[in-house]
Amino acid sequence: MSTLLEVRNLKTHFHTRDGVVKAVDGVNFNLEPGKTLAVVGESGSGKSVTALSIMRLIPKTTGVIGTDSDILFKGESVLGMDDAGVRSIRGNRIAMIFQDPMTSLNPVYRVGRQIGESLILHKGLKKKEADERAVELLDMVGIPHAGERAKDYPHQFSGGMRQRAMIAMALACDPDILIADEPTTALDVTIQAQILELMIELQERTGTAIIMITHDLGVVADMANEVMVMYAGKQIEYGTAEDVFYRPLHPYTWGLLESLPRHDVSEKGILLPITGQPPSLINVPSGCAFHPRCPYAKDVCHTQVPQLTSIEDGHSSACLFSGDPGFRRETASPSREVV
Amino acid sequence: MSDRDDLHHDAHNPHTHDESPVDHGELRDAAGHSIKDQSRSLPIPPTDDIITDGGRTLWGDAWYRLRKNKLAIAGLIWVIFVILVTLSADLWVKPYFGDPLAMDTTLGANLQPPSAEHIMGTDKLGRDVFARVVYGARISLTVGVIAVAISVAIGLIMGALSGYFGGFMDTLIMRGADVFLAFPYVLFAIALIAVLGPSYRNVFIAIGILGWPSIARVFRSSILSVKENEYIDAAKAMGAGHMRMIFRHIMPNAVAPIIVYGTMSIGGAIITEAALSFLGMGVQPPTPSWGLMLSDARPLMVRAPWLMLWPGFAILTTVLAFVLMGDGLRDALDVKMKD
Amino acid sequence: MSELLRVNNLKKYFPVEQGLLTSRLSRKVKAVDDVSFTVNQGETLGLVGESGCGKSTTGRCLIKLLVPTSGTVEFEDRDVAKLRGRDLKAFRRDVQFIFQDPYASLNPRMTIGEIVSEPLVVHGIGTKTERRSQVQDLLKTVGLNPEHLNRYPHEFSGGQRQRIGIARSLALRPKLIICDEPVSALDVSIQAQIVNLLSDLQDEFGLTYVFIAHDLSVVRHISDRVAVMYLGKIVELGDWKNLYDAPHHPYTQSLLSAVPVPDPEKQKSRSRIILQGDVPSPIDPPTGCRFHTRCPIAQFPICSEQEPELREVAPGQRAACHFAKPMPIALG
Numbered sequence: 002m003s004t005l006l007e008v009r010n011l012k013t014h015f016h017t018r019d020g021v022v023k024a025v026d027g028v029n030f031n032l033e034p035g036k037t038l039a040v041v042g043e044s045g046s047g048k049s050v051t052a053l054s055i056m057r058l059i060p061k062t063t064g065v066i067g068t069d070s071d072i073l074f075k076g077e078s079v080l081g082m083d084d085a086g087v088r089s090i091r092g093n094r095i096a097m098i099f100q101d102p103m104t105s106l107n108p109v110y111r112v113g114r115q116i117g118e119s120l121i122l123h124k125g126l127k128k129k130e131a132d133e134r135a136v137e138l139l140d141m142v143g144i145p146h147a148g149e150r151a152k153d154y155p156h157q158f159s160g161g162m163r164q165r166a167m168i169a170m171a172l173a174c175d176p177d178i179l180i181a182d183e184p185t186t187a188l189d190v191t192i193q194a195q196i197l198e199l200m201i202e203l204q205e206r207t208g209t210a211i212i213m214i215t216h217d218l219g220v221v222a223d224m225a226n227e228v229m230v231m232y233a234g235k236q237i238e239y240g241t242a243e244d245v246f247y248r249p250l251h252p253y254t255w256g257l258l259e260s261l262p263r264h265d266v267s268e269k270g271i272l273l274p275i276t277g278q279p280p281s282l283i284n285v286p287s288g289c290a291f292h293p294r295c296p297y298a299k300d301v302c303h304t305q306v307p308q309l310t311s312i313e314d315g316h317s318s319a320c321l322f323s324g325d326p327g328f329r330r331e332t333a334s335p336s337r338e339v340v
Numbered sequence: 006m007s008d009r010d011d012l013h014h015d016a017h018n019p020h021t022h023d024e025s026p027v028d029h030g031e032l033r034d035a036a037g038h039s040i041k042d043q044s045r046s047l048p049i050p051p052t053d054d055i056i057t058d059g060g061r062t063l064w065g066d067a068w069y070r071l072r073k074n075k076l077a078i079a080g081l082i083w084v085i086f087v088i089l090v091t092l093s094a095d096l097w098v099k100p101y102f103g104d105p106l107a108m109d110t111t112l113g114a115n116l117q118p119p120s121a122e123h124i125m126g127t128d129k130l131g132r133d134v135f136a137r138v139v140y141g142a143r144i145s146l147t148v149g150v151i152a153v154a155i156s157v158a159i160g161l162i163m164g165a166l167s168g169y170f171g172g173f174m175d176t177l178i179m180r181g182a183d184v185f186l187a188f189p190y191v192l193f194a195i196a197l198i199a200v201l202g203p204s205y206r207n208v209f210i211a212i213g214i215l216g217w218p219s220i221a222r223v224f225r226s227s228i229l230s231v232k233e234n235e236y237i238d239a240a241k242a243m244g245a246g247h248m249r250m251i252f253r254h255i256m257p258n259a260v261a262p263i264i265v266y267g268t269m270s271i272g273g274a275i276i277t278e279a280a281l282s283f284l285g286m287g288v289q290p291p292t293p294s295w296g297l298m299l300s301d302a303r304p305l306m307v308r309a310p311w312l313m314l315w316p317g318f319a320i321l322t323t324v325l326a327f328v329l330m331g332d333g334l335r336d337a338l339d340v341k342m343k344d
Numbered sequence: 099m100s101e102l103l104r105v106n107n108l109k110k111y112f113p114v115e116q117g118l119l120t121s122r123l124s125r126k127v128k129a130v131d132d133v134s135f136t137v138n139q140g141e142t143l144g145l146v147g148e149s150g151c152g153k154s155t156t157g158r159c160l161i162k163l164l165v166p167t168s169g170t171v172e173f174e175d176r177d178v179a180k181l182r183g184r185d186l187k188a189f190r191r192d193v194q195f196i197f198q199d200p201y202a203s204l205n206p207r208m209t210i211g212e213i214v215s216e217p218l219v220v221h222g223i224g225t226k227t228e229r230r231s232q233v234q235d236l237l238k239t240v241g242l243n244p245e246h247l248n249r250y251p252h253e254f255s256g257g258q259r260q261r262i263g264i265a266r267s268l269a270l271r272p273k274l275i276i277c278d279e280p281v282s283a284l285d286v287s288i289q290a291q292i293v294n295l296l297s298d299l300q301d302e303f304g305l306t307y308v309f310i311a312h313d314l315s316v317v318r319h320i321s322d323r324v325a326v327m328y329l330g331k332i333v334e335l336g337d338w339k340n341l342y343d344a345p346h347h348p349y350t351q352s353l354l355s356a357v358p359v360p361d362p363e364k365q366k367s368r369s370r371i372i373l374q375g376d377v378p379s380p381i382d383p384p385t386g387c388r389f390h391t392r393c394p395i396a397q398f399p400i401c402s403e404q405e406p407e408l409r410e411v412a413p414g415q416r417a418a419c420h421f422a423k424p425m426p427i428a429l430g
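Protein chains in written order, with this note's numbering: chain A, 2 to 340; chain B, 6 to 344; chain C, 99 to 430.
Check before you lean on any hint, since a few could be wrong.
[To be verified] Only pairs whose alpha carbons sit at most 20 Å apart, straight line, appear in this in silico EDC-like list of lysine to aspartate or glutamate:
no. : chain 1 : residue 1 : chain 2 : residue 2
1   : C       : LYS273    : C       : GLU253
2   : C       : LYS366    : A       : GLU205
3   : B       : LYS241    : C       : ASP185
4   : C       : LYS109    : C       : GLU407
5   : C       : LYS339    : A       : ASP71
6   : B       : LYS241    : C       : ASP301
7   : C       : LYS162    : B       : GLU233
8   : A       : LYS269    : C       : GLU212
9   : B       : LYS241    : C       : GLU279
10  : C       : LYS162    : B       : ASP238
11  : C       : LYS273    : C       : ASP343
12  : A       : LYS269    : C       : ASP301
13  : C       : LYS366    : A       : ASP217
14  : C       : LYS364    : A       : GLU198
15  : B       : LYS241    : C       : GLU212
16  : B       : LYS73     : A       : ASP19
17  : A       : LYS36     : C       : GLU174
18  : A       : LYS129    : A       : ASP140
19  : C       : LYS364    : A       : GLU77
20  : B       : LYS232    : B       : ASP339
21  : C       : LYS366    : A       : GLU133
22  : C       : LYS366    : A       : ASP19
23  : A       : LYS124    : A       : ASP84
24  : C       : LYS238    : C       : GLU279
25  : A       : LYS269    : C       : GLU141
26  : B       : LYS232    : C       : ASP199
27  : C       : LYS187    : B       : ASP238
28  : A       : LYS152    : A       : GLU183
29  : C       : LYS364    : A       : GLU243
30  : C       : LYS364    : A       : GLU268
31  : A       : LYS269    : C       : GLU410
32  : B       : LYS75     : A       : ASP19
33  : A       : LYS12     : A       : ASP71
34  : A       : LYS269    : C       : ASP343
35  : A       : LYS269    : C       : ASP313
Hint data in this document are derived by calculation from the structure and do not stem from the laboratory.
Produce the entire structure from the sequences given, and follow the hints as far as they go.
The following block contains the structure:
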């Protein structure tokens with residue numbers, strides 16, 4: 002299986018009045034065809050900026066991508082492409098859906114027309130063919146009476162239907178990669194369940210690889226093959242979903258899992274929050290960025306920046322102590338407590 | 006910075022957490038480390054993400070941003086310069102350049118082009134144009150400021166009543182404002198002055214009265230958007246009275262657009278004054294006023310173009326200065342731009 | 099256990115905004131439509147549901163931020179709508195509110211000290227110096243540095259701002275606090291801090307909470323009893339354990355099954371009910387049982403014609419469904 006997307010040492014920094022914001026600071030990962038990678042992190046962890054960097058949607062005026070960074074799509078450097086090259090990939094080979102379905106559709110165009118637009122642009126379809134294909138796509142994402150609804154304007158769609166339309170639009174050109182940035186955060190849980198189900202089903206059918214950006218560990222558990230945990234612009238843990246949920250290596254991942262209230266266990270557990278506040282990206286703490294909030298931090302953590310190191314096969318962590326076999330938290334999965 | 010040091014100390018010494026009000030017993034992680042100290046969130050190490058220096062107010066922030074805006078500062082400097090020049094004019098313009106009202110009926114003394122003696126030339130009555138431009142600034146600025154002050158005073162009260170109380174009051178005031186706005190502005194001003202009689206004082210009364218509906222509308226919509234904020238509900242829920250609501254919670258958050266609009270309106274009022282004086286409905290001769298000077302210069306445009314040039318230049322730069330200041334203030338006061 | 103708050107047949111309808119030239123038929127959004135419940139002294143009642151179910155509107159009616167269309171809210175056996183003067187002031191002291199948005203709920207032009215002491219000022223409590231020391235105590239109580247009372251809200255992070263809001267709500271030593279989505283705007287790691295803080299404060303000050311949220315896990319964690327709302331009505335109400343372990347109403351069941359569990363194996367193997375379609379408009383709610391248009395077990399015509407009563411289905415558990423039966427969905 003050939004690697005679809007390779008992200009090498011991605012660094013995206015923004016120059017602002019207050020200083021340089023290191024939004025993404027050295028991220029590496031590979032994406033294989035048909036797989037789902039979940040990027041997890043809290044606000045400001047750099048997960049969305051990672052996605053925008055892949056899409057080449059970082060504003061040139063303020064955003065700078067490191068010179069030694071590279072993003073390879075099927076072996077070709079996305080960062081090295083000219084504008085025409087980027088346009089031939091964006092929306093065509095790599096498509097993206099956003100968090101807010103209310104603002105990501107243009108209110109003055111009919112939904113069907115918006116979906117067909119990328120087909121006219123990338124596939125050279127005629128207007129009529131594009132319209133027909135748009136109806137098929139709407140039908141595929143489960144919009145009832147797709148033929149008529151294609152003629153509606155976005156405001157006539159509910160939030161869930163708009164997100165379905167966004168997915169239809171993203172899948173119009175059969176992309177190799179679908180980047181979904183918090184696609185269900187703005188939706189109610191029953192609608193979220195519909196959308197996640199739809200995404201899983203469509204992935205099985207089309208073989209599209211998905212990069213799922215989310216803060217919701219439940220969504221991650223539902224969708225992901227592999228998980229990348231980010232903190233303060235850095236990747237701090239990477240592994241299969243099973244690795245990260247059942248054998249997490251990094252204290253931050255432990256903290257995330259233990260601070261979640263659960264409704265799937267019969268007793269109320271104790272929530273163990275991560276103390277302190279997320280760091281400012283302008284003044285990232287020295288050494289390990291997590292050390293001010295880490296209960297296990299030692300003096301060395303203040304000074305030494307931990308590198309993402311492979312601990313087990315395909316499971317890596319950016320903590321100086323992850324190599325120590327005694328430094329483990331096996332109880333992170335409450336499912337083991339319940340019989 | 007000492008805060009930050011304290012914090013680090015706190016974060017690394019979990020035993021400072023011992024004042025936790027509730028003790029949930031000894032907990033151990035897989036490795037057998039006691040994690041008791043992490044079991045509660047209280048008290049968290051404070052202050053770690055305070056980004057700005059202590060106690061910086063929003064107004065302070067606004068001034069900081071305004072300072073960065075070169076055009077706005079240029080406008081501010083020009084306005085201050087004009088004010089200083091015109092206020093000190095008695096000290097140096099009258100003795101060295103001439104009295105703005107002093108006619109020189111000697112043959113050949115009128116309509117002189119700019120020279121060392123009369124740096125901006127003389128008008129058809131032999132008066133020094135420079136002196137008249139300088140003294141004209143008094144009229145223009147006074148009219149501008151007082152007229153806008155009148156508009157703002159009426160507009161704030163009307164806008165506050167309408168936006169805060171809503172209902173019938175709102176309908177009454179806003180329909181009244183609509184009626185005012187439906188009249189052609191300058192014609193209405195002329196009609197008003199025709200009734201009051203043309204004079205310096207009546208110019209700013211007319212402009213001031215005509216200006217309130219716009220101010221009231223801007224203020225009303227600003228109040229309505231401030232009222233959406235939850236801190237207004239919070240104040241209501243604690244039983245705060247109307248006075249506290251208006252002056253403590255609504256006013257300080259709603260005035261920013263008025264400051265912007267008011268600043269720009271001064272420019273507008275100066276233009277209106279010039280227009281009215283040009284039409285003979287404003288300041289009466291021989292008082293020096295930029296509009297009046299333009300009016301006098303009109304028939305002599307070809308013979309003595311400098312007569313039109315200097316007051317025109319004065320109006321243009323002064324109005325532009327106010328508009329640039331207003332623009333800068335808008336950016337500076339926009340809280341959203343901060344994040 | 100005594101009843102602190104009693105809500106009887108509460109209704110809140112909002113008129114639909116209409117243009118000048120459209121039909122004059124006045125239509126109403128039935129945001130809350132005949133809701134009754136009680137809150138006992140010292141407990142936490144969770145109010146959970148999706149957007150538009152009326153949970154926030156209910157919360158706002160409880161503290162008189164909204165005036166109910168009909169029905170009554172009784173606090174300590176007195177009808178809140180009839181309180182005037184000193185009694186109303188006392189009510190405003192006893193019942194406080196914590197807001198969802200930690201950015202919009204603090205006046206950006208006031209310092210933290212001014213914000214937290216404002217309730218004291220409004221109610222004329224203490225001298226300036228007394229208030230100052232009280233504010234510092236409050237800030238300490240909620241885990242903030244008491245030195246920070248001269249700082250402004252924008253200098254704090256979301257979690258810290260929420261602590262400031264909590265300190266403000268504690269200033270008057272209230273008996274009841276309505277928490278409207280107090281953690282939904284916060285990051286996961288910070289949510290847990292605030293949830294724990296609220297539990298600690300409840301123990302320390304003997305507070306009673308009405309906790310409104312859309313996150314079922316958070317509600318379960320903090321609540322003693324939980325009410326599930328759908329389209330302006332309570333569909334199920336009961337002790338947290340019974341309600342989550344054995345939900346009786348098909349809506350509660352589908353809601354619980356829709357929340358993904360942070361455990362990959364379990365999440366992939368658990369049984370799920372995926373509801374079809376969207377929540378209907380509260381302007382024209384479905385006849386009979388409001389859930390019948392999406393219900394997986396609806397039977398016709400009874401469900402579309404007859405409105406189900408909120409009836410006892412197990413000890414201490416009530417559900418509004420003609421065919422209520424327990425289904426242990428969450429543990430799957």
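Results for each hint:
1. C/LYS273 <-> C/GLU253: Outside the cut-off at roughly 30 Å; violated.
2. C/LYS366 <-> A/GLU205: holds (15 Å)
3. B/LYS241 <-> C/ASP185: Given that 20 Å is the threshold and the Cα spacing comes to 16 Å, the pair holds.
4. C/LYS109 <-> C/GLU407: Satisfied, since the Cα-Cα distance of roughly 16 Å is no more than 20 Å.
5. C/LYS339 <-> A/ASP71: violated (52 Å)
6. B/LYS241 <-> C/ASP301: violated (27 Å)
7. C/LYS162 <-> B/GLU233: Holds. C/LYS162 to B/GLU233 sits at ~17 Å (cutoff 20 Å).
8. A/LYS269 <-> C/GLU212: violated (38 Å)
9. B/LYS241 <-> C/GLU279: Given pair B/LYS241, C/GLU279 holds - Cα atoms ~19 Å apart, limit 20 Å.
10. C/LYS162 <-> B/ASP238: holds (10 Å)
11. C/LYS273 <-> C/ASP343: violated (30 Å)
12. A/LYS269 <-> C/ASP301: Holds. A/LYS269 to C/ASP301 sits at ~17 Å (cutoff 20 Å).
13. C/LYS366 <-> A/ASP217: Holds, at roughly 16 Å.
14. C/LYS364 <-> A/GLU198: holds (16 Å)
15. B/LYS241 <-> C/GLU212: holds (16 Å)
16. B/LYS73 <-> A/ASP19: At roughly 13 Å apart (the allowed maximum being 20 Å), A/ASP19 and B/LYS73 satisfy the hint.
17. A/LYS36 <-> C/GLU174: Answer violated: A/LYS36 to C/GLU174 is near 58 Å, above 20 Å.
18. A/LYS129 <-> A/ASP140: holds (17 Å)
19. C/LYS364 <-> A/GLU77: Roughly 39 Å separates the two Cα atoms, so the pair is violated.
20. B/LYS232 <-> B/ASP339: holds (17 Å)
21. C/LYS366 <-> A/GLU133: Violated: C/LYS366 and A/GLU133 sit about 35 Å apart, past 20 Å.
22. C/LYS366 <-> A/ASP19: With a Cα-Cα distance of about 45 Å, the restraint between C/LYS366 and A/ASP19 is violated, given a limit of 20 Å.
23. A/LYS124 <-> A/ASP84: holds (18 Å)
24. C/LYS238 <-> C/GLU279: violated (23 Å)
25. A/LYS269 <-> C/GLU141: holds (16 Å)
26. B/LYS232 <-> C/ASP199: Holds. B/LYS232 to C/ASP199 sits at ~14 Å (cutoff 20 Å).
27. C/LYS187 <-> B/ASP238: Roughly 16 Å separates the two Cα atoms, so the pair holds.
28. A/LYS152 <-> A/GLU183: Not satisfied, since the Cα-Cα distance of roughly 27 Å exceeds 20 Å.
29. C/LYS364 <-> A/GLU243: Judged against 20 Å, a Cα distance of about 11 Å means the pair holds.
30. C/LYS364 <-> A/GLU268: holds (17 Å)
31. A/LYS269 <-> C/GLU410: violated (25 Å)
32. B/LYS75 <-> A/ASP19: holds (18 Å)
33. A/LYS12 <-> A/ASP71: holds (9 Å)
34. A/LYS269 <-> C/ASP343: holds (12 Å)
35. A/LYS269 <-> C/ASP313: holds (15 Å)
Checked against the numbered hints given earlier, this structure breaks hints 1, 5, 6, 8, 11, 17, 19, 21, 22, 24, 28, 31; the rest are met.
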